[in-house]
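Protein chains in written order, with the working numbering: chain A, 1 to 345; chain B, 1 to 345.
Check the hints yourself; a few may be wrong.
A pair holds if it fits inside one copy or across any two, identical chains being indistinguishable in the list.
Below, computed lysine-lysine pairings styled on DSS-like, alpha-carbon distance capped at 27 angstroms [unchecked claim]:
#1 Lys-41 with Lys-337
#2 Lys-46 with Lys-162
#3 Lys-94 with Lys-46
#4 Lys-333 with Lys-109
#5 Lys-331 with Lys-129
#6 Lys-133 with Lys-340
#7 Lys-162 with Lys-304
#8 Lys-109 with Lys-129
#9 Lys-313 with Lys-46
#10 Lys-94 with Lys-162
#11 Lys-41 with Lys-311
#12 Lys-162 with Lys-333
#13 Lys-198 with Lys-340
#14 Lys-228 with Lys-331
It is worth saying that the hints were derived from the structure and are not from the lab.
2 protein chains.
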Amino acid sequence: MILQNDLILRAAKGEDIERYPVWLMRQAGRILPEYRAVRSKLSGFKELVETPALAAEVTIQPVDLLGVDAAIIFSDILVVPEAMNVPYEMLEAKGPWFNHTIRSEEQAKRVETDFDVEDRLGYVMEAIKLTVKELNGRVPVIGFAGAPWTILCYMVEGHGSKTFSEARKLLYTNPTLAHQLLQDITDVTIRYLKAQVKAGAAMIQVFDSWAGILGTEQYATFSLPYLKQIADAINDVPVTLFSKGAITSIPAIAQLNCNNVGLDWNMDVAAVRAQIGDKRTLQGNLDPCALYGSHENVATETIKMLHSFGKNKRHIVNLGHGVYPDVDPEKVKTFIKTVKSYEIN
Amino acid sequence: MILQNDLILRAAKGEDIERYPVWLMRQAGRILPEYRAVRSKLSGFKELVETPALAAEVTIQPVDLLGVDAAIIFSDILVVPEAMNVPYEMLEAKGPWFNHTIRSEEQAKRVETDFDVEDRLGYVMEAIKLTVKELNGRVPVIGFAGAPWTILCYMVEGHGSKTFSEARKLLYTNPTLAHQLLQDITDVTIRYLKAQVKAGAAMIQVFDSWAGILGTEQYATFSLPYLKQIADAINDVPVTLFSKGAITSIPAIAQLNCNNVGLDWNMDVAAVRAQIGDKRTLQGNLDPCALYGSHENVATETIKMLHSFGKNKRHIVNLGHGVYPDVDPEKVKTFIKTVKSYEIN
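Could you build all of it, start to finish, from the sequences and the hints given here?
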């Protein structure tokens with residue numbers, strides 16, 4: 001299929017672009033009334049994730065309604081531990097919840113790795129295929145997975161946490177088990193991402209949402225080697241590595257076999273560019289809270305952010321974190337409009 | 001009163017020391033069975049905070065039981081907003097909860113600043129006096145307060161949060177109100193800390209627990225100017241500024257009129273030392289999760305951390321975050337013993 005808008009892929013590859021591509025993490029779901037209309041008819045979040053036609057519908061909504069330059073498949077990083085026999089529930093107001101946690105070798109016995117990802121996660125691939133078909137080349141579809149470290153955090157902790165001290169405890173008490181689980185997650189994730197690419201994902205993003213709770217050395221030990229395996233395994237499409245909060249590890253991340261490095265809103269763009277040079281595209285990094293401002297302020301903050309990246313064409317515009325649920329979609333449109341009208345040359 | 005152990009004060013001032021001083025954030029409370037015995041007889045956390053004799057008792061426990069080189073007064077940073085007529089409750093398993101949040105000028109009308117801190121927070125000063133008297137010079141007492149930015153986070157958000165997006169929203173929607181509240185908190189905090197010093201606190205620590213959710217520029221705008229006022233106002237005793245997660249702001253923090261800069265466990269000690277030079281003492285920064293390891297591993301990790309600080313005598317040993325509640329006190333003793341037997345010269 002010929003893409004009518006391949007801006008984001010060109011930016012990822014360091015090719016010429018006529019303007020900066022823009023999309024938002026969490027653009028599918030959360031903020032759009034049209035999303036909530038679909039969601040309200042269902043039993044819960046997981047029904048939406050597991051119903052390809054509906055997942056495709058909400059994936060395409062921001063392309064139609066907001067004018068973003070890419071669609072990211074509506075799903076959740078926690079489908080991977082679920083496929084590995086560590087299922088989750090999504091509790092209203094509480095977030096993800098696991099009835100089984102994996103903190104010991106005994107508990108790790110339930111973890112399954114030797115399965116066909118199409119069998120257990122076929123609904124994601126089906127949703128990607130439907131999305132690609134319905135988009136009909138308007139914009140590329142981004143597939144994604146959680147980084148092994150972040151998935152381990154949830155498998156061990158069993159729910160969200162500010163410190164993930166149970167997960168970090170494992171790194172000190174049983175690093176062997178931690179590495180074994182990380183390798184298991186990595187193996188499944190590689191098969192899963194390859195299946196997403198086969199289904200039509202034109203770019204892959206790996207979310208290391210809890211990167212920031214590890215110091216540089218532990219990140220190098222417990223996250224980077226697994227990110228490396230993933231980045232090395234996905235060759236057919238550009239790969240984005242987004243390690244939230246891992247500011248001191250950015251140079252090491254940029255060394256991996258990826259196209260794009262995601263930056264959170266706290267990261268100093270000029271400093272990162274100086275550290276890693278021009279061989280990678282940077283993605284980010286407007287503070288999601290900037291979208292709470294007036295339309296005028298949204299435009300001002302967006303332009304300030306764009307300036308911070310200089311005139312370097314290796315930039316995919318995004319927020320520095322997922323868009324927050326109570327943001328006015330009209331403000332998102334102002335953000336996108338501002339990016340699209342920004343003179344690149 | 002002559003101090004028998006003034007190691008921490010000498011380290012803070014850059015004077016000679018024969019070994020590194022050591023204490024733990026959150027050492028008073030949480031981990032000791034002797035603390036839980038006191039706590040279990042009471043209606044709740046706040047009763048303990050507000051009862052000077054008991055607060056003094058649990059403040060002294062880690063000096064007796066763990067052998068730390070300083071006592072930090074058992075209290076909470078949220079006593080300040082409470083004194084300002086924005087009261088909190090401490091809910092089991094949920095953490096702090098405010099029935100009133102301050103997000104608008106209308107809501108800000110309830111905020112009071114023109115009061116005598118002895119009237120509303122006298123119980124803290126009383127607890128400090130009792131602690132100083134009962135310690136009888138064995139170790140110094142550390143007083144503390146939250147940084148204005150962190151207190152604002154709670155006043156606006158009303159409870160803990162991973163993103164504090166309500167608090168950060170205010171910075172974009174009504175920066176004038178944010179600055180007004182920050183100034184109000186600063187004014188009260190300075191009076192409060194001076195009263196703590198008058199009561200006998202020999203060192204002051206300011207906790208900017210939510211520093212890490214602001215980028216460098218916003219931190220410079222909404223936190224540093226208020227930290228500066230506090231650091232400039234407290235002259236009689238050493239001041240420690242601990243801005244958790246504010247890695248890119250450390251050089252600016254070190255420029256303030258403080259003795260010690262606290263480092264969290266993710267901060268690279270050598271990099272920070274290279275940035276800020278030798279004019280400040282660094283405090284930290286063992287990963288609190290390291291205390292989950294075996295005794296042997298605790299010792300190894302502690303020595304590794306000590307090595308990372310080089311042989312620089314401007315070091316006060318601590319964790320990089322408050323000690324976690326389920327840590328075995330025996331492991332804490334191993335940490336402390338390892339520090340005390342570490343050859344400094």
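Here is what the structure says about each hint:
For a Cα distance limit of 27 angstroms, the shortest separation of Lys-41 from Lys-337 qualifies neither inside one copy, at 32 angstroms, nor across copies, at 61 angstroms. Taking identical chains as interchangeable, the C-alpha atoms of Lys-46 and Lys-162 lie at most 27 angstroms apart whether they share a chain (24 angstroms) or sit on different chains (23 angstroms). Proximity of Lys-94 and Lys-46 under a CA criterion of 27 angstroms is satisfied in both settings, with 15 angstroms inside one chain copy and 26 angstroms between copies. When the C-alpha separation of Lys-333 and Lys-109 is checked against a cutoff of 27 angstroms, the pair qualifies neither within a copy, at 48 angstroms, nor between copies, at 35 angstroms.
Proximity of Lys-331 and Lys-129 under a CA criterion of 27 angstroms is satisfied in neither setting, with 31 angstroms inside one chain copy and 54 angstroms between copies. With identical chains, the CA atoms of Lys-133 and Lys-340 are at most 27 angstroms apart within one copy only, with a shortest distance of 26 angstroms there and 67 angstroms across copies. Taking the shortest alpha-carbon separations for Lys-162 and Lys-304, only the inter-copy value of 25 angstroms comes in at or below 27 angstroms, while the best intra-copy value is 30 angstroms. For the homomeric pair Lys-109 and Lys-129, neither the shortest alpha-carbon distance inside one copy (34 angstroms) nor that between copies (55 angstroms) is at most 27 angstroms.
In this assembly of identical chains, Lys-313 and Lys-46 lie within 27 angstroms of each other by CA distance neither inside one copy nor across copies; the values are 38 angstroms within and 55 angstroms between. In this assembly of identical chains, Lys-94 and Lys-162 lie within 27 angstroms of each other by CA distance both inside one copy and across copies; the values are 13 angstroms within and 12 angstroms between. For the identical chains of this complex, Lys-41 and Lys-311 are neighbours neither inside a copy (45 angstroms) nor across copies (64 angstroms), given an alpha-carbon limit of 27 angstroms. Taking the closest pair of Cα atoms, Lys-162 and Lys-333 come within 27 angstroms of each other only across two copies (26 angstroms); inside a single copy the shortest separation is 32 angstroms, beyond that limit.
Taking identical chains as interchangeable, the C-alpha atoms of Lys-198 and Lys-340 are never at most 27 angstroms apart, the minima being 30 angstroms within one chain and 59 angstroms between chains. Neither within a single protomer nor between protomers do Lys-228 and Lys-331 lie at most 27 angstroms apart by alpha-carbon distance, with minima of 37 angstroms and 35 angstroms respectively.
The earlier numbered hints that this structure contradicts are 1, 4, 5, 8, 9, 11, 13, 14.
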